[in-house]
Amino acid sequence: MNEFIISVNDLKKKIKVEGNYLLFNDKKFNFELQPLNSNLFLFKLGDKFYEVYTKSLSEGKLLVAMKGRQFEVIVRTELQEKAAMMMESAGHSNHHVEIKSPMPGLILKFKKKIGEEVEAGEPVLILEAMKMENELRSPAKGKIKEIFVKEGIAVEKGVTLFMIE
Amino acid sequence: MFKKILIANRGEIAVRVIRACRELGIKTAAVYSEADRTSLHIRLADEAYSIGPAQSSQSYLDKEKIILLAKEIEADAIHPGYGFLSENPEFIKMLEDEKITFIGPSSKSAAMMGNKIAARNLMRENGIPIVPGTLKPVSSEKEGKKSAEEIGYPVILKAGGGGGGKGMKKVFSEKDFLPAFESASREALSAFGNPEIYIEKFFVSPKHIEVQVIADKHGNYAHLFERECSAQRRYQKIIEEAPSSSVDGKTRTKITEAAVFAAKACLYYNAGTIEFLMDKDKKFYFLEMNTRIQVEHPVTEMITGIDLVKEQISIAAGNRLSFAQDDLKINGHAIECRICAEDFLNNFLPSAGEIYYYREPSGKDIRVDSGFNLHSIISINYDSLIAKQICHAPDRGNAIKKTAAALSEFLVAGVITNIPFLVSILNHNLFTSGSYDINFIEKHISELNEQAAADSGENLDEVAALFAAVMKSGSVPKNKIKTPKNNRWSDLIYE
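As given, the protein sequences belong to chains A and B, one line each in that order. Per this note's numbering, residue 1 is the first one in the first sequence, and the count goes up by one each step. Per this note's numbering, residue 1001 is the first one in the second sequence, and the count goes up by one each step.
Chain A with its partners taken away, still in its complex shape:
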């Protein structure tokens, strides 16, 4: 089956590829694809060409950039999507969310302590990068279970900073 579940910016879209057609939201689009090099494509959708840069990222993600936008896209078949959903809900059963550093920077200050309650969207720590202080917010409501880094240290991108229960 050429049917896929595509996640872009946390939104899922169901798309079917049939020959030269794409089916999405009950609409049918004609497409063409012309590779310019291994990363660069001319993608024609209906009557419009898009110049698309793409690159495989870690964890099965695909970087897709066009015009002034850049997306990290996950493409799964329906079966893969079901498996991923099951894994996710299994992961959620112990109710832990790990928050990773979105960029390299310097940990300036923790605004919360271990054991403190946080609301979703509440600032937890200040990370300095590009000469600015950036607030990192909690993605979920819960309690700070663990803090893995100290104030004053530099962290790389992807380092686990703290855990919410």
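Calculated directly from the structure, the hints in this document are not laboratory data. Worth double-checking, as some hints may not be accurate.
Not close to chain B: a few residues of chain A, all C-beta gaps over 12 Å, as computed [to be verified]:
#	residue
1	K82
2	V97
3	K113
4	G115
5	T160
Here are the computed lysine-lysine pairs in the DSSO-like style, where the Cα-Cα straight-line distance is at most 30 Å [as the list claims (entries may be wrong)]:
#	chain 1	residue 1	chain 2	residue 2
6	A	K48	B	K1364
7	A	K112	B	K1145
8	A	K112	B	K1175
9	A	K44	B	K1472
10	B	K1310	B	K1093
It should be emphasised that the depicted structure is a prediction, and the values quoted were computed from it without experimental measurement. Where is the CB? At the ideal position from N, CA and C, for every residue including glycine.
Put chain B on the given structure of chain A with help from the hints.
The following block gives chain B in isolation, referenced to the frame of chain A:
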């Protein structure tokens, strides 16, 4: 004229200076840190010298190292760009002692304006209205709270050591004072090496109006009209324009007069900018003076036809201004957009990394000043500015349309940019009507973000999803275009 200029900066402003030097027939020496090995300025300069690790303190801010290099390579002048050492009186003094020309003001003028608190006092003594607030640095939390009480909340905390949004914090009530004070002091110390903070009244809906001034070493002063930079987020300007649609002829006469007066008060030569806040009644208040070329200088160049960087170099070499005040007229309208590597959907966190793919817009009256190119790396060590797009048109309405059209041509892959966010600002009715103020973006941030996320109706996320599905389906041709049989035009050939 100079034979060789060392450019003590990086990014787009280093490129801008190189271009001016090349036109003037002056050799250019670029400097670069480890993090800038792939930047554009080192590809364009006649000579390029590695000056140390990524941390600015050990490269672009290392005064001794830069002066030693200038002597060794026999550079007779240094252009500081903006930021880094551009407003550092100590550095300028060292150059004066070494008889290397600093392309900027004297160390004395820079010192008079560099301390923002001293500058406020100087302006007040000269009868130029200043924003109400403290005239001395705030030494403690207790004293600060007392001053804030007297000024009346809301207030804004600012760094005495320098401007540019670093160390600025708004405070709406007494209970928020302490964390803001601490954070402002920290940022001020790290940005300027000086934790001094002063307090100003926070105006609720002012416009940011600034005047470009220029003066030579022979006592000739001129202004190049005003710019409006009210489109700001976290005190960082995002879109700038010249002239301001809110400054009428009478106000323009008054504000430009005040600006030239301010430049005279500090015995200024070089290009400089006097920043003001302007309220609804067109009353204006001095904010600060920037004693260097400004990021947004191109909009002024577009409407006046004057090359400010070439003029700076010529003034430093001892020449008179190449024009008189009466030669200048405002020609049309120009808008600059700052293309920054930041993720507007994720609280504007900076987005660092390699630029995998890059193409700039072009066309009539479209200018792009950028510091990076294919495979350049946007480093976490410096600010997030990738490029500036400047468009010029006969009037403001057309300048806005041209700006949006040009932005739609930009192609950047590898880092996330604010381009969709810029487009959503340009489309907003408060921007198009010209009635926006410095709190416009923060007030309408969710609305602007929503528009940006949907690419102002273009929904590129859907296109990305459709593209990804095609890639996954395996229907990617190896090298030949996949021509659909049902293309209604495929049998027709146009000649």
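How the hints compare with the structure:
At roughly 16 Å, the least C-beta separation between K82 (chain A) and chain B is larger than 12 Å, which holds for a residue marked as non-interface. V97 (chain A), annotated as away from the interface, keeps every beta carbon of chain B farther than 12 Å; the closest lies near 16 Å. At the 12 Å boundary, the C-beta of K113 (chain A) stays outside the reach of chain B, the nearest C-beta of that chain being 15 Å off. Under the 12 Å C-beta cut-off, the non-interface status given to G115 (chain A) relative to chain B holds; the minimum distance is some 21 Å.
Annotated as non-interface, T160 (chain A) keeps its C-beta farther than 12 Å from every C-beta of chain B; the closest such distance is 17 Å. Taking the CA atoms of K48 (chain A) and K1364 (chain B), the gap is near 24 Å; set against the 30 Å cutoff, the hint holds. The hinted pair formed by K112 (chain A) and K1145 (chain B) meets the criterion: a straight-line CA distance of about 25 Å does not exceed 30 Å. Using a Cα cut-off of 30 Å, the hinted pair K112 (chain A) and K1175 (chain B) holds, with the two alpha carbons roughly 18 Å apart.
Under the criterion of a C-alpha separation no larger than 30 Å, the hint pairing K44 (chain A) with K1472 (chain B) is consistent with the structure, at around 16 Å. Simply put, K1310 (chain B) and K1093 (chain B) have alpha-carbon atoms about 23 Å apart, close enough for the 30 Å limit, and the pair holds.
Checked against the numbered hints above, the structure breaks none of them.
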